[in-house]
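Chemist: Protein sequences appear in the order of chains E and Y. Okay, so the first sequence: first residue is 1 according to the working numbering, each after it adds one. Okay, so the second sequence: first residue is 1 according to the working numbering, each after it adds one.
Treat the hints as calculated values from the structure; they're not laboratory data. It is possible that part of the hints are untrue.
Because identical chains cannot be distinguished in the list, a pair is counted as satisfied if it fits within a single copy or across any two copies.
[Said to hold, decoys possible] Straight-line alpha carbon distances no greater than 30 Å define the calculated DSSO-like cross-link-like pairs of lysine-lysine that follow:
no., residue 1, residue 2
1, Lys266, Lys59
2, Lys187, Lys59
3, Lys138, Lys64
4, Lys240, Lys88
5, Lys119, Lys88
6, Lys266, Lys168
7, Lys47, Lys266
8, Lys283, Lys168
9, Lys119, Lys138
10, Lys91, Lys43
11, Lys138, Lys168
12, Lys241, Lys88
13, Lys119, Lys286
14, Lys70, Lys91
15, Lys187, Lys64
16, Lys241, Lys283
17, Lys279, Lys70
18, Lys286, Lys168
19, Lys2, Lys286
20, Lys88, Lys70
21, Lys59, Lys168
22, Lys240, Lys283
2 protein chains.
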Amino acid sequence: MKVLVIGAAGMVGKKLIQRLLDGNSPVHPLSELILYDIIDAEKPFAKIPVKIFSGDISKADQAKILASEKPAIIYHLASIVSGEAEEKFNKGWHTNAHGSWNLLEELRVISEESEGEYKPKIIFTSSIAVFGAPFPDKIGDEFLCAPQTSYGAQKAITEMLISDYSRKGFIDGISIRLPTICVRPGKPNLAASGFFSGIIREPLNNMEAILPVSDQVRHWHASPRSATHFLTHAGTMDLKKLESRRSLNMPGVSCTVEEQIDALRKVAGNEVIAKIKHKTDHKITKIVDGWPRDFDPVRATTLGFKSENTFEEIIKVYLSDDFEK
Amino acid sequence: MKVLVIGAAGMVGKKLIQRLLDGNSPVHPLSELILYDIIDAEKPFAKIPVKIFSGDISKADQAKILASEKPAIIYHLASIVSGEAEEKFNKGWHTNAHGSWNLLEELRVISEESEGEYKPKIIFTSSIAVFGAPFPDKIGDEFLCAPQTSYGAQKAITEMLISDYSRKGFIDGISIRLPTICVRPGKPNLAASGFFSGIIREPLNNMEAILPVSDQVRHWHASPRSATHFLTHAGTMDLKKLESRRSLNMPGVSCTVEEQIDALRKVAGNEVIAKIKHKTDHKITKIVDGWPRDFDPVRATTLGFKSENTFEEIIKVYLSDDFEK
Numbered sequence: 001m002k003v004l005v006i007g008a009a010g011m012v013g014k015k016l017i018q019r020l021l022d023g024n025s026p027v028h029p030l031s032e033l034i035l036y037d038i039i040d041a042e043k044p045f046a047k048i049p050v051k052i053f054s055g056d057i058s059k060a061d062q063a064k065i066l067a068s069e070k071p072a073i074i075y076h077l078a079s080i081v082s083g084e085a086e087e088k089f090n091k092g093w094h095t096n097a098h099g100s101w102n103l104l105e106e107l108r109v110i111s112e113e114s115e116g117e118y119k120p121k122i123i124f125t126s127s128i129a130v131f132g133a134p135f136p137d138k139i140g141d142e143f144l145c146a147p148q149t150s151y152g153a154q155k156a157i158t159e160m161l162i163s164d165y166s167r168k169g170f171i172d173g174i175s176i177r178l179p180t181i182c183v184r185p186g187k188p189n190l191a192a193s194g195f196f197s198g199i200i201r202e203p204l205n206n207m208e209a210i211l212p213v214s215d216q217v218r219h220w221h222a223s224p225r226s227a228t229h230f231l232t233h234a235g236t237m238d239l240k241k242l243e244s245r246r247s248l249n250m251p252g253v254s255c256t257v258e259e260q261i262d263a264l265r266k267v268a269g270n271e272v273i274a275k276i277k278h279k280t281d282h283k284i285t286k287i288v289d290g291w292p293r294d295f296d297p298v299r300a301t302t303l304g305f306k307s308e309n310t311f312e313e314i315i316k317v318y319l320s321d322d323f324e325k
Numbered sequence: 001m002k003v004l005v006i007g008a009a010g011m012v013g014k015k016l017i018q019r020l021l022d023g024n025s026p027v028h029p030l031s032e033l034i035l036y037d038i039i040d041a042e043k044p045f046a047k048i049p050v051k052i053f054s055g056d057i058s059k060a061d062q063a064k065i066l067a068s069e070k071p072a073i074i075y076h077l078a079s080i081v082s083g084e085a086e087e088k089f090n091k092g093w094h095t096n097a098h099g100s101w102n103l104l105e106e107l108r109v110i111s112e113e114s115e116g117e118y119k120p121k122i123i124f125t126s127s128i129a130v131f132g133a134p135f136p137d138k139i140g141d142e143f144l145c146a147p148q149t150s151y152g153a154q155k156a157i158t159e160m161l162i163s164d165y166s167r168k169g170f171i172d173g174i175s176i177r178l179p180t181i182c183v184r185p186g187k188p189n190l191a192a193s194g195f196f197s198g199i200i201r202e203p204l205n206n207m208e209a210i211l212p213v214s215d216q217v218r219h220w221h222a223s224p225r226s227a228t229h230f231l232t233h234a235g236t237m238d239l240k241k242l243e244s245r246r247s248l249n250m251p252g253v254s255c256t257v258e259e260q261i262d263a264l265r266k267v268a269g270n271e272v273i274a275k276i277k278h279k280t281d282h283k284i285t286k287i288v289d290g291w292p293r294d295f296d297p298v299r300a301t302t303l304g305f306k307s308e309n310t311f312e313e314i315i316k317v318y319l320s321d322d323f324e325k
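Using the sequences and the hints given, assemble the complete structure.
Modeler: In structure tokens, the structure reads:
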């Protein structure tokens, strides 16, 4: 089975590739792995052929190249992050929406040429940014998409495309609405949600962290390990079970920033907490104010998707998987 | 005030133009009317300048031409209808989604060049086809979009674009989710919903009508006169009132086909009813099965949008506005 990962150089992409190649992955047997991103992904250690190349997915020729590989499974993880898509309107729309659309169009052409014999499974990482305030206490599976960022609108549109192309039988797709993935290893990125990881990661690494919003902000989190599980689980499940609704809210942990900090105190002590400095950023506050706080992800849970149950567990996953002493 | 009507040769377009020019329209003062469609619209009687031209809105140069007119209000009513968009995948997507997107892009460019001074009001006719089964008894204002036709997906995507371009301040937009407009005057079109009008219009005109679905099918209707009111009301209202959600479910009448036929019997008698022949069409049945049955359009009602209260009223509007003895 040939698997293509678009967005292979990103954090979730790297984790996914590691999992796909760890000898124990539920997505098997792999015959070839194709890694694509705006920059060349790191070459992983692998017993199967791995093809690595890079390009700009917003360009139409790239979609043609990727589709011509005829992968059986396509993980589409690539996107301009929320903060950048808000700043650079054109770039966000071209990459996050037109890029996905071009890819689906090329896959449709190949599917039609093969008279339906070729029908790739596409697993798209959408986001809870498809939702916008005002919210109910818990967002249910039938709550409307009303994004309040361009990033969220681009994700919602790609979801719509994936649903319709799947309904018509050109592809077999699923959109996974990821919680904010936390604790992200490595350096901060331009995502407006970056501080949710920063306030845990930086103090644990003996660095100062800026908290740009009120500690009463409640949000929805899952670990990178859970994200990888969501993706491999989607890669093995029978997507017919989704029936006519191919976008799924993933499970996660709902907590306030204060509760995040309390969990960090429990795990690492008061000295570590002291590294968090509160400095309000109104632009980030405005974006985050429009974000979801809590979910009731009944469908995903019923379909076997799992996450952590407490934020403490999320911190422990970071310490176990990514923390370097 | 310069007003552009895209889709000016269609049924709703014609009714809207008539209303805009009837000397009593709430949308005033009009300085110029621009009528655009795939074919030249009929020249209306008017005391103000009327420009009429035609083209294919899916072509990028057309969007540029339309935007360069800098209309203050744009009524965007044009689309490939549901049945045709289902048959012709490419044509549907190009016209209904890319066509709208091109237009918004051209308007954005002009808006940015004018440093925000030019910010047209866009009134887009979306559809209840953005919803897909399974449904609650009544669809509320926060129910998810899960279209089960390409037409519905194209409408939902255009809604998303209009919301995001409005949020960014390039345009001031609203998406009006029309009920099925009934009774349509004139000849049948390719819309899968066409029979809802046909079973009333044809018998009243002493012609046979085919009912392709069960008479237990429940659906959501409003008259062409209500559609015109929705559009002129949107044209005069302060769209800031929509806050962060720019798509609105319009009010209408929920009834079964059996109730439609009963209303026709009351208005026109048993002889007329006898002209309706039941002949199941599985393709239309399948499409219509995925359509909404009833709504609770609280937001639209609160904002002053009104429709008929019974299907009998809807038939009487047809007899008064469109029936030719």
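Chemist: Now, for every hint given, state plainly whether the structure supports it.
Modeler: Okay, the hints, checked on the actual structure:
1. Lys266 with Lys59: neither (48 Å within a copy, 61 Å between copies)
2. Lys187 with Lys59: Classified as within: same-chain Cα gap 28 Å, cross-chain 44 Å, threshold 30 Å.
3. Lys138 with Lys64: Neither: 41 Å inside a copy, 44 Å across copies.
4. Lys240 with Lys88: Close across copies (25 Å), not inside one copy (37 Å); limit 30 Å.
5. Lys119 with Lys88: between (34 Å within a copy, 20 Å between copies)
6. Lys266 with Lys168: Classified as neither; 51 Å inside a copy, 42 Å across copies.
7. Lys47 with Lys266: neither (42 Å within a copy, 77 Å between copies)
8. Lys283 with Lys168: The answer is between: 14 Å across copies meets 30 Å, while 41 Å in one copy does not.
9. Lys119 with Lys138: Intra 36 Å, inter 36 Å, cutoff 30 Å: neither.
10. Lys91 with Lys43: Answer is within: at 28 Å inside a copy they meet the 30 Å cutoff, but 42 Å across does not.
11. Lys138 with Lys168: between (32 Å within a copy, 28 Å between copies)
12. Lys241 with Lys88: between (38 Å within a copy, 27 Å between copies)
13. Lys119 with Lys286: Intra 41 Å, inter 23 Å, cutoff 30 Å: inter-copy only.
14. Lys70 with Lys91: Close inside one copy (27 Å) and across copies (25 Å); limit 30 Å.
15. Lys187 with Lys64: neither (33 Å within a copy, 43 Å between copies)
16. Lys241 with Lys283: Between copies only: 23 Å across chains, 40 Å inside a chain, cut-off 30 Å.
17. Lys279 with Lys70: neither (49 Å within a copy, 44 Å between copies)
18. Lys286 with Lys168: Between copies only: 14 Å across chains, 39 Å inside a chain, cut-off 30 Å.
19. Lys2 with Lys286: neither (42 Å within a copy, 35 Å between copies)
20. Lys88 with Lys70: Result: close only across copies, 25 Å inter versus 32 Å intra.
21. Lys59 with Lys168: both (25 Å within a copy, 25 Å between copies)
22. Lys240 with Lys283: For Lys240 and Lys283, only the inter-copy Cα distance (21 Å) is at most 30 Å; the intra-copy one is 41 Å.
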